[in-house]
Amino acid sequence: MFLTYLRRELLNRRRQTIIVSLGLAIGIALVTTVSAVSNGVKDSQSQVLHSLYGVGTDISITQQAAPGDGPPRFAFGNGDAQQSGSGVRTLNRSNLRTERGATTFDDATVAKVKAVTGVAGVATALKLTNTSFSGTLPDFMQRRFENRGDGNVNGGDQNIGGIQNGQNSPAMGSIATASTVVSPTTSTTFVPTGGADGKGGTEFSITSFSVLGISGSKADVGPMSSVTLTSGRLLTSADAGKYNVVLDSTYATTEKLKVSSKVTIGSKDFTVVGLVSPTSGASETGSNTYIPIDVARTLANVDSGVTNIYVKATNGDAVKSTSSAIAAVLPDATISTSADLASAVSGSLSTASDLLSSFGKWLSVIVLVVAFAMAMLFTMGGVSRRTREFGTLKALGWKSNKIVRQVMAESVVQGVIGGLIGSIIGFGAVAIVNAVAPTLQATSGGFGGFGGGGGGGRFGGGNFTPPDMPGGAVNPLRAARIGANTFDVVLNSSITPKTLMMAIGLAVLGGILAGAAGGMRAARLRPAESLRSVA
Amino acid sequence: MEYTTLYKLVGVNKVFKQGSKEVHALRNVDLTISFGEHISVQGPTGGGKSTLLQILGALDVPSTGNVEFSGRDMEKMSSRELTEMRAEKIGFIFQNYNLIPTMTAQENVEVALAATNVAASQRRERAAAVLAKVGLADRAHHLPSELSGGQQQRVAIARAMVKEPAVLLADEPTGNLDEETRDEIMELLETQASENNLTLIVVTHDSAVAARAKRHLNIKDGVVREV
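These protein sequence lines map, in sequence, to chains A and B. Going letter by letter, the first sequence gives residues 3 to 537 in this note's numbering. Going letter by letter, the second sequence gives residues -9 to 217 in this note's numbering.
Calculated from the structure, these hints are not laboratory results. Do not rely on the hints blindly, as some may be mistaken.
Short derived list, chain A residues pointing at chain B, Cβ under 7 Å [said to hold, decoys possible]:
1) T6
2) R10
3) E11
4) N14
5) K44
6) G383
7) T394
8) L398
9) G399
Derived Cβ-Cβ restraints for the label pairs, each shown as a range [as the list claims (entries may be wrong)]:
10) M522/A x T181/B: 19 to 29 Å
11) W364/A x D128/B: 56 to 66 Å
12) S386/A x G9/B: 37 to 47 Å
13) D128/B x S496/A: 55 to 65 Å
14) E177/B x R387/A: 48 to 58 Å
Even for Gly, the Cβ is constructed at its ideal location relative to N, Cα and C.
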């Protein structure tokens, strides 16, 4: 009778069943989707972290920034420019230095970290930025002479592509910066008015990319633990002292480089020996280029030491205590655990994460509460409408708990149906989200401005007198991102069995709550009173 | 002497509170009903007919006074025992039939046995047999909405009969039926009652229905009189 009655009620009161089930389904669908997408975002975050710090890295140590370290400067001496015959000087300079603010740890410090209890492995790296200046300047001497003549000279020898004319004609110029942004080369175009009075007539590019000095072999911790070789080979200890470089494959693609290409780093020509891509789903590895650490030190004028220490803890649960132990040994260093690192990641990825963890969570909770409340109200309403039915059953000798059980079962089945429909909707929604495949951007470890803020870049030094460029010639936002690592991660969400179980569980809970609400009302009905509603 | 008393009511009062007002539904009712009696209960609306039926049907308890059913003091019975008593001994028939709208005729009859310990297979057999007795064998798998009023009341009678009760309590059983159907239903009730030696208590406004009974009660302002 129990099952017959249950089946009859669910099938023959289809509207009630559908409304309660759908109400729960919508709540469950939302919870499932939010939870799946939020898992996806979490995965993306860990992908980014893995790319940045290595899969096995539990703790990352950097030295606190030293004050007074200025932006990169290019010092050009008298003989640095190459003069061409058509009235321009060409200047090229590639500069390799540690990232702004970074100072190094010496070997003794690394040894100290190794000695800390709970440290299973240590990897080190020297993080550098290579900045290249390449451009042409007007030859002021020649210009002056020519202006006295016919006053209009065409600048010819352009190695970058800008055309520079006489004093009234516009000249093209570009500042190109490269960071690890998806398209590492972005250009801000401005049109200075060139002239012999020193106002412009100049075009140059500044490119910058990240360089990581690493010690040879591949470790289970550190930046090289999260890369896969796509072509060529990795650096080995045999590369020490050699101008060999391994490139991030995305960077190599955008720069049109391949194995055996030449790359200028710190004014030296390096040979590309290999290309690497991230092991995880992130689009880029932690650095654009990887070179032997001793070469890096020499070129960057760093005597010894490393900027980054990557630590693998013996026990994943002991990360926090190990990090405290390291902090005791290195009181001045910045020690970040993977959890801290996650919070350091900014950009749309972290926005999405914040959005999901706050708005998404609350939205789910609210919708779920509404769905539960609706299910309860509809069930109670259903019980009220069935007062006569339940009164009759009581008159026929049905015990109250038999009726309550019946109401409860109806609600639970509605909950299960709602959970299943909700999960299906959730799967659909997640499939749509994945089909759209939103690309989230994560920025991590950005340093301050490069070449100053809104006032436009001023590159002082040597005999290079900067032209009086219009303010904002260097997009300060772009510039500020140089040195930061920006990753694009395609969001890929999936509903895990755990999420599914949780969804169905919630739906059943909703059903139980609704059934309890309805059942309590049904139980409270006194048989005589329920019969009185007959009239 | 053979024990023949089914109900024995002594000094039964029933008072309802309606807001601040007290409504005296039954006043000092003394009543003895024997096995196999056919009784009609008449009286104006609100006079206490339904209240009396509910007390006889163990759906409600008196405010004061004593009710004995088959020699058992109902006051001393737990609500569980009262429920069991309803399940096994009392058959209800309602003016609106009160069938469960989502269930077929057959299932509606089985519902009455679901409150007892009768096994599922037996429930089906017994329900089918009783439905055949009330002339609805061919309608067993129809929903109430597919049946006429008379047919629905037949199902309700089958539901009341299937447990083989001691008493049938009918509250305006023909109130919603036309005269022809009314007579058919009353005949069915009477045959069923006499064949099974059941006490039949019919509350009605209809004097034609009341006239068919052998004993007539009238309730007015909570006072029961023999007519």
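To see whether the hints hold, each was checked on the structure:
1. About 6 Å separates the beta-carbon of T6/A from the nearest beta-carbon of chain B, less than 7 Å, and the hint is met.
2. Interface restraint check: R10/A against chain B, minimum CB-CB distance 4 Å, threshold 7 Å, status holds.
3. The interface hint given for E11/A holds, since its Cβ lies 5 Å from the closest Cβ of chain B, which is under the 7 Å cut-off.
4. A cut of 7 Å between beta carbons decides the hint on N14/A: the least distance to chain B is about 4 Å, and the hint holds.
5. With a cut of 7 Å, the hint placing K44/A at the interface with chain B is violated, because the nearest CB-to-CB distance is about 47 Å.
6. Hint on G383/A is violated. Least Cβ distance to chain B is approximately 16 Å, over the 7 Å limit.
7. Hint status for T394/A: holds, given a least beta-carbon distance of 4 Å to chain B, under 7 Å.
8. With a least beta-carbon distance of about 5 Å to chain B, the hint placing L398/A at the interface is held under the 7 Å criterion.
9. At a threshold of 7 Å, the smallest CB-CB gap from G399/A to chain B is about 2 Å, leaving the interface hint in force.
10. Take M522/A and T181/B: their Cβ atoms lie about 43 Å apart, and the range 19 to 29 Å is violated.
11. Checked against the hint of 56 to 66 Å, the pair W364/A and D128/B passes, with Cβ atoms roughly 59 Å apart.
12. A hinted range of 37 to 47 Å for the beta carbons of S386/A and G9/B is inconsistent with their spacing of about 21 Å.
13. The beta-carbon spacing between D128/B and S496/A, approximately 56 Å, falls within the hinted interval of 55 to 65 Å.
14. A hinted range of 48 to 58 Å for the beta carbons of E177/B and R387/A is inconsistent with their spacing of about 34 Å.
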